[in-house]
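Participant: Letter by letter, the chains look like this.
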Amino acid sequence: MHELSVQMTVNGQARAATVEPRLTLADFLRDACHLTGTHLGCEHGVCGACTVLVDGAAVRSCLMFAVQADSTEVTTIEGIESSDGELSAVQSAFRDCHGLQCGFCTPGFVMTVTAFLRDQPDPTDQEIRHALSGNLCRCTGYQGILKAVHQATGGERET
Amino acid sequence: MKPAPFEYHAPDTPAEAVELLAEFGDGAKVLAGGQSLIPMLALRLAVFEHLVDVGRIADLKGVEHRDQALWVGAGTTQAAVDASADVASAVPLLAKATPLIGHFQIRNRGTVGGSIAHADPAAEYPAVALALDATMSVESPRGRRNIAATDFFDGLWSTSMEADELLVGVSFPIWSGRTGFAVEEFARREGDFAIAGAVIGVELDGDDRIQRCGVALIGLGSTPERAATTEAEVTGRPLGDVEPGELGHLAMAGLESIPEDLHGSAAYRRRVGATMVARAWAAATTEACHA
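Order-wise, the sequence lines are chains B and X. Counting from 1, position 125 in the first sequence corresponds to residue 125 in the numbering used here; the numbering is continuous, with no gaps. If you want the numbering used here, it's the 1-based position in the second sequence plus 1000.
The hints are simulated quantities; they were obtained by calculation from the structure and are not laboratory data. By construction, the Cβ of each residue, glycine as well, lies at the ideal position given by its N, Cα and C atoms. There may be inaccurate statements among the hints.
Label-pair ranges, simulated between beta-carbon atoms [what the hints assert, rightly or not]: (1) B:H34 with X:H1065: 47 to 55 Å; (2) X:A1148 with B:R129: 38 to 46 Å; (3) X:R1066 with B:S71: 24 to 32 Å.
Please model the entire structure based on the sequences and the hints provided.
Facilitator: Here is the structure:
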């Protein structure tokens, strides 16, 4: 099978590689870019652990081939802290509110919540639950995660 | 959990895409948003030698008014449909169904054409296309032709498109007058395929009689199903004569291939389906009365 060259901007840095078409974006990020913060749980689009931003949109990076991401801008969990290394507001909220235990699902949740709050800065509790429904966590029971999202919005709202 | 190797093609126009499909025949598959196809490839439930990625074809994207209908390009993402003011005002049923598809991350990639061409009996868009009498526009090296929704879905994950035909757009009729629309579905977890669901559009005349209605079912057959007998039964009757619960049972009467799996027996799905039809009917007719 023919390998193809791809180039994309990952966390502000230009990346290029020659890849098999079947290489997923997730594997490209982990193996070619050595950005192992993007985690692979199920590898078929169920768990959301591999969520990254492609041209700003949250997507499952296991459900996209690297060749489809050619010429895009990708942001991973490694790219959302501030330039001086401070955690983002969403990351801080997860730490403060016990929004993680083993941490495996956390990069996916943080990327999901980062995109969600950018588009909907003042969500209701119900909207937050809808937004989180595509990410699975087997440790926390989700209550800490919900609390973290509320904290990241700047306070808790009813309904 | 890695797809088998394939050759990748990324044409810039529908004409180039269908040439590739004609050249490779059954060995080729169209890749749109990939949110159903890539899991099937990852699990190796499907293997293709060639994938023709239509994601870079600008002609396939967009929403516009054309001849009393709303044309939605096959490559338009579900997220774009969700954000479209034209969809919300002209085809409210499409707007109501969209947030029920998967999760927002899936809708950022998944497309209208991908969902309809995949023809999953448990998916929302095929049911919406059936209920509204949408028309599919398909292109091949022989030119373009239109296929009515009722002639389009012909089996599990199967359509009446030929191997070298590409779905380029879907034309949704705009219903005007005293209309109401509703989608009801039941799933154990948010974002899962529904155990059963119903999609209903209804139009009332000035005397509260049912002028026309479209009733399509989700997850209740081996192919996207339309409850045509039920539609014929109620059309022309006064709204007050139609009891939603009875309508639900009527819609389940002719179904012969209700799926049965770990999530529920056929009998259970039939009960859930009847309830979903009843709820959708009540919601759609209430909306029509207030329109």
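Participant: It remains to establish, for every hint, whether it holds in the given structure.
Facilitator: Hints, one by one, checked against the model:
1. A hinted range of 47 to 55 Å for the beta carbons of B:H34 and X:H1065 is consistent with their spacing of about 49 Å.
2. Taken as a hint, the range 38 to 46 Å holds for the pair X:A1148 and B:R129, whose Cβ atoms sit roughly 39 Å apart.
3. For the hinted restraint 24 to 32 Å between X:R1066 and B:S71, the CB-CB distance of approximately 31 Å keeps it satisfied.
Going through the hint list in order, the structure satisfies each hint without exception.
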